[in-house]
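Chemist: Residue strings, one per chain:
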Amino acid sequence: MNAAAWLHVFLILGTLNLAAAIFLNGTAQRRTFIVLALLESAALFMTGVATFLTGIATLQPLWQFPLLGEMQLRLMPFSALFLMVTAVVFAASLPFAAHDSTQYARSASRRLFLALYQLLYLSMVMVFSAADVLSFLLSWEIMSLLVYGLVVFEHSRPASQRAAYLTLALSELGSMAAIIGLLLFAALTGHLDFAGMRAGSGTLGAGARWMIFLLTFYGFGVKAGIVPVNLWLPDAHAAAPRSVSPVLSGATLNLGIYAIMLVNMELLPTNQSAFGLVALITGSVSALIGILYATTQSDMKRALAHSSIENMGIVIAAFGASLVFASLNHPVLAGMALIVALYHMLNHSVYKTLLFIGAGAVDAGTGTHNMNRLGGLIRCMPWTTLFFLGGIMAICALPPFNGFVSEWLTLQTMLRAAELASVTVKVGFALSGALLALTAGLAITCFVMLFAMSFLGMARSQAASQSGEAPHAARIPMAALAILCLALGVLPTYVIPALDEVTAPLVHAHAVDSLVPAFFGANAAHPHALPTNFIRQFHAIGAQVGQTLLPGRGLVVLHPGGARNPVIFAMSTGYTLLVLTVLFLIVYAVFRGLTGDRQLRRRSVWAGGVRHFSPRTTYTATGFSAPVRVLFHTILRPIVSDDATEIVGEYFRTAIRRETTEFHIVDRLTLRPVTHTVLWIAARLRRMHRGRVNTYAAYVLASLLVVLGVGLWPG
Amino acid sequence: MAAASVMQPPAAAWQELHRICPVRWPKVSVRTDHTRHIAHLMVTPATVRPVCLWLFGEAGYHFATLVAEEFDGTWHLTYVFYDPASHGWAYVELRQPLAQTSVISIGDTVHAADWHERETEDLFGLRFEGHPKLGEFVLHENWPEGINPMRKQFDARAPFAHHQQKTVWEPPTIVEAPGAFIMPIGPVYSDFAESAHFVIETTGEDMLRVLPRFFYKYRGVEKIAEGQTTERVLLLAERFSGSSAFAHGFAFCRAMESLCETGVPPRARVLRSVFAELERLRHHVAVIAGICASTGLAVAQAQGASLEEDLLRLTAQVCGHRYLFGVLKPGGLTLAPDARCLDLLRERAHALNLRLEKLYAGLRYSSSFLDRLEDVGLIRAEVVKAFGLVGPVARASGGAADLRKLFRYGAYEQVDFAVPTETQGDGYARLRILFQEAAQSAAIIERLLDDVPDGPVCAEVIPRAGAALGFAEAPLGATFHWLRLDAAERVQRYRISTPSFRNWHAFRVAVEHFSFQDFPIVLATFGLSNAECDR
Amino acid sequence: MFNWFYTGLKAGIRTTPYPKKADMAPGISPGRPRATRLDAQVAEALTMRCPTGALIKHQGGVDVDYRHCVHCARCRRNTGTQVMDWSQDYDWGVLSAHAERAGHRFRDIFGRSLHIRFLDAGACGACMSEARQLNNPYYNIHRLGFFITPTPRDADILLVAGPVTDAMRIPLQKTYAAMPEPKRVVAMGVCALSGGVFGPSFISAGGVADVIPVDVLVPGCPPPPLAILHGLLLAVERTMPSRLTTHAAETEA
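Protein chains in written order, with the numbering used here: chain Y, 1 to 715; chain U, 1 to 535; chain L, 1 to 253.
Hints are not guaranteed to be accurate.
Claimed, not checked - Label pairs and their calculated CB-CB ranges:
#	chain 1	residue 1	chain 2	residue 2	range
1	U	G146	L	K20	58 to 64 Å
2	Y	A487	L	N3	56 to 62 Å
3	Y	T102	U	A161	43 to 49 Å
Everything labelled a hint here was simulated from the structure, so no lab data went into it. As the structure is a computational prediction, the values presented were derived from the model and not from experiment. From the three backbone atoms N, C-alpha and C, an ideal C-beta is built for every residue, glycine too.
Could you put together the complete structure from these sequences and hints?
Modeler: Put into structure tokens, the structure is as follows:
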């Protein structure tokens, strides 16, 4: 079957599933929904696979509209990657959603919920397969409204209403900017279909390019949650129903990345490094601000949402690097950077979906996602803890998990800017490299906190000590995603060539031979990019181990350098895993050998000899992140008020209340000044309305004089 | 008594008392004791609060201690105040039948009496009406309610079996903030820390509220002293707080001597002051070494510790004991050091003081050290007044009260010295006070040793029944010992009011709102003793 | 900082030669009475003077029980009669019966390096001060492989001072339980041996042995640093024990 046929299968199954959501009820509804969801996801995944295998774009005309031209669907490797990621994310999330829909008492609510969920799936696929501006924007808007609908679904909570409103407002603002940008583009090229726009893009002047770039970058950037248009994201992801958050973070954020890459890579290839630098700096700043706020959250879902901003920032930064390399005629480097960007996006989708499903399961089990009330979950949900830990290690960028590969490659690719000539560009890269390194460090703090405060230690609330294990509908997808995290982390040498198929048409160069040279033996198809004696040395230390087990190029990823120093960086997560496993086994064997005959004695926690050790005396998430809050006080600027101290006599207190209000730095620097200015002007204007007739008469007279003055002005 | 011989009775202050009391509180009778400079104000349950509030507020008296006694089938409550301006004492005395166990509290206004009232409530079962109760105090959760060990019928010597008590003490939390939690410290913590428990409520970094929990070391000294000979109680007085043994023994002996109207021979008076200053010098050096240790300044700590050891050895050479145990006895001293010994002391004290000055100079120019002390652990002057703080902690915050200067007891009438005070009230101010006092002690030792009178070192004490207060300026501040003897020369009531008890009360004020890493430093600059507080 | 470095160097080495050689510096020990041959009448008078019952009249003289002696010096000063012999030694540590049964395993494991957790079970501050002196340049126990540790988890020896107050009973038991095996307990000071001047009473136990098993006893009120050091060395059997009581009958006339 070809790609188009698989897409048809997906659309049919999707429609069936929609029907199942609406017309069935009870257990039958959930079972059918889960089965159909898995089948449709498989079909969608196969669509992507088929597209990859053929490697060419297929067009599928839909409808003909008068004046606007033909609406088309298309499948090409670039969008196929996004489709496959979407398929994985939805396949993992839909079963949990179906299972969790039982929390809504009314059957109409359950139906509506699952229908909206399924519609979001379909609309996202439409966005990725749109081949013209019109169908793209149409499905984009539908998708935005569905996201609003899902965020507002639990509308009885005021926080969720506010979050949904903010989501809608910012996302429409972004959409408007993006629409203007795209329509401007279309008007200047005279085409509405992407192929035509691409063809006509060469004639655009610098001014038009800047306008289109800025409007679409920040307009679509709203969906990706980049700074400064990220304000909606943490609220929306935290307020959304717990089974929706995985999809919002794992899949819808990718839409923003897709749209930005579509415009800047495919439709309007740039020749200016400034665009890339803007993206690079924006991405790095987003990453730092994202992780900083993630670290200071005490709410699990909010922390994860803020960390999405961080990860999207890293993707955008790598993408920006790619733009810079491309504009400066380094197509291979541009390819590398783009591969890295897509790789990180892929990784983020996998582990963030895993973590959000985990957070959802914790919420379902304990009734809270406030880490200050959790703790000790490892005892009542061991499996969830294990899989969650996989996701945590991945997001912390620890080998052998996938986050390590893409973050490591991102930083290494940044360092390749040393080969560029322009000092400005180098400084930009150095700055963003530093920001990203700081981000990586904070990420470890953040997720150590997230994991330790929720799953380790003592339970800080009754609910946390009595939670049951997560349902199979959450646990099995989590297990699958955890294994995927490990696979993507251990076998980057198989992922990178696939991604290279996506990026090669965009940057017009293959980067795969530079990143993943053929250590398992060169042939005509894969000539060596490295000196032969160097390869020999690498073989001497065992780089070809596993050759008989695994086909392909080998297990080593590296960055090639010049003649004097052929390799700048090399790593092999496959061998690392091997070595780690062997070392672990050796240590374990030695440990057992030394202590085998010893008796294990268990003693209670040492707590300074107090008679009774209470869970209230253990660190909370707020306490854990306090040093970060102190360190980054200038950025976070919390407003602390503790004047609410109740005293019954001098020096006798019965209560100390401390309230800390924090306005996100972006909120502080953008939205608040705007709203303050508007309110200030409104207040000034109100002062003019004094309600006295003579005042109004004076206004009339003054305006008359002004009009007369203008009219009578000579010339 | 020595103090009486140099000081004039506080005539003006007493006139004021005689003028005001009959007008405001007709039922309060005033009786003045011209030898001991004490005004006894016999109050009724209704007037105890207004009288105390007036003394503490308008009249400017300082609160010294609250002595509760179960005596002759009635409650005797004595609120001891002293007036730093007129050097006079005021004893507010309340008598009520044993059946009546409630007393009006003064602790909410005279904050210095807060802990005294709580202690009395715990140990005697007296209820202080109007006191904002804050949970159990001296006796912890494993002690059964309603058993008050200080009551006469309670047997002090028999082991009291009660360990089947299974109550759980949950620290009372008052901080309401998202993510607030408790940072527990102790009772077993740090390397050589005395046992105490601190409940720190925090949201991380900042200590929003600190609730110290003491009396882990409560040995019931006041109770086990009852019914004992004074000989034996002197052992207790010296040994309940080893780091300031001489000062407490001194206060006990002075209570005995005041009660029995014994005149201490001049030689003993001088030597007692010399030894008291020697102890102060060693104590302050130890605290200084502790401050250096708390900031991680290893060399300075080693220098301080060497000085301390040198002083300990010197003390042992002169007095036969490194901590001056067994030197005192009512009426004088147990030993008469010869001239050679005193010359050695004089010479060494001088040399050690020079080394201490060098250490001070070094510390004053170590900016990394000063950064940890400056503006840390602030105590304001109002707190000194309200909590009735004493000793170096008070003097670093502008409080100048020093019993040596106020009452000129012992040989302090012979030396002129200025009480060092600072006003900043931070950790550095306390360090400066410690250095200045240590230097001053060395100077006083030298000056007193210039002219040691000859003669016996001990006078005969003829015991008699009755009660008296003995006081002394211990290294950490004023200490007050109330002693009541019966006709059989046995101790009936021994009440110890110590400077650590007083100053620990305000520790939380100093440490709150600073961050965790300041905690050990504030602790070290206070330099307090739990043994002295818990008794 | 360099200043401090220089100051430290300039101070030179002050460390005691003990345990290689006896340290004879004045003032390192308060000393203690020794069993003395005395006339019956004098012995009676001296025994009466002792406020803690440490002196026991015995035929031919006065015996001393160090579990009770608090160095009050009343058998030494102003007696008007013959006085007790007074020794200026400090190697006072004694092995308890409990330790003698345990064998040499502890020495074999911790003979060269030992971690000590100090615990204050109601001590007056003098014992603690003397224990603190162990870290000062004069005694510097690090040179002998002894280290003070803040957590009982790392500790091999529990050094306890104080009569064990009611409130410290459970913390003491918990601390002991938190220590890994093998472990030893050194009780220092008269209070920790017998309750001293405080116990046994309604609120204090009669020493550490009432609560947890004790291996080494170090008498003294307070024991000087070298006595504590002797006790620690004794716990790892690097020195010879002293005795808890001395008898006049065994002394040379």
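Chemist: Now tell me if each hint is right for this structure.
Modeler: Against the structure, the hints come out as follows:
1. U/G146 <-> L/K20: 58 to 64 Å: The hinted range 58 to 64 Å holds for U/G146 and L/K20, with Cβ atoms some 59 Å apart.
2. Y/A487 <-> L/N3: 56 to 62 Å: holds (60 Å)
3. Y/T102 <-> U/A161: 43 to 49 Å: Since Y/T102 and U/A161 have Cβ atoms about 57 Å apart, the given range 43 to 49 Å is violated.
Figure legend: structure checked against the earlier numbered hints; the only hint not met is number 3.
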